[in-house]
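Engineer: Here the sequence shown stands for residues 1 to 94, numbered as in the UniProt record's numbering.
Each hint should be verified, as a subset may be incorrect.
[Unchecked claim] Cβ-Cβ distance ranges computed for the label pairs, FRET-style:
no.	residue 1	residue 2	range
1	63	7	47 to 53 Å
2	14	52	40 to 46 Å
3	3	39	50 to 56 Å
4	54	76	28 to 34 Å
5	9	50	54 to 60 Å
If you're looking for bench data, these hints aren't it; they were derived computationally from the structure.
Beta carbons: idealized from backbone N, C-alpha and C, even for Gly.
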Amino acid sequence: MRFLIKLFLFPLTLALTILVAACRLLCQLSTMVLGIVAFVCFAIALGTMVLLQDFPEGLRLMGLAWLISPFGLPLIAAFLVELLGVFNDSLKAI
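Between the sequences and the hints, there should be enough to build the whole structure, so can you do that?
Structural biologist: Dropping the structure here:
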């Protein structure tokens, strides 16, 4: 009986394994690119605050820089991909 369940779940686990691998690669690449963009956005925010004396706009840009930095949205995406990987591992353990 267990063999039949594994046989029926094999295409799903294979698709999930490929999806998780592709998403992990995409997360790594996007984290690198967004880290560079976040640094540029942070530098522009500092320039806006210091040179233009526009503190509210500088704070908005700093918030945007934090959101696209590796500690913002890419961290949430990596968490969701790893959660999908754990689900895939639990399906493989059946």
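Engineer: Hint by hint, note whether the structure agrees.
Structural biologist: Taking the hints in turn, this is what the structure says about them:
For residue 63 paired with residue 7, a C-beta distance near 50 Å keeps the hint of 47 to 53 Å intact. Roughly 54 Å separates the CB atoms of residue 14 and residue 52, a value that falls outside the hinted 40 to 46 Å. Checked against the given bound of 50 to 56 Å, the beta carbons of residue 3 and residue 39, roughly 53 Å apart, stay inside it. In this structure, residue 54 and residue 76 meet the distance hint of 28 to 34 Å, their C-beta atoms being roughly 29 Å apart.
A C-beta distance of roughly 58 Å is found between residue 9 and residue 50, which places it inside the suggested range of 54 to 60 Å.
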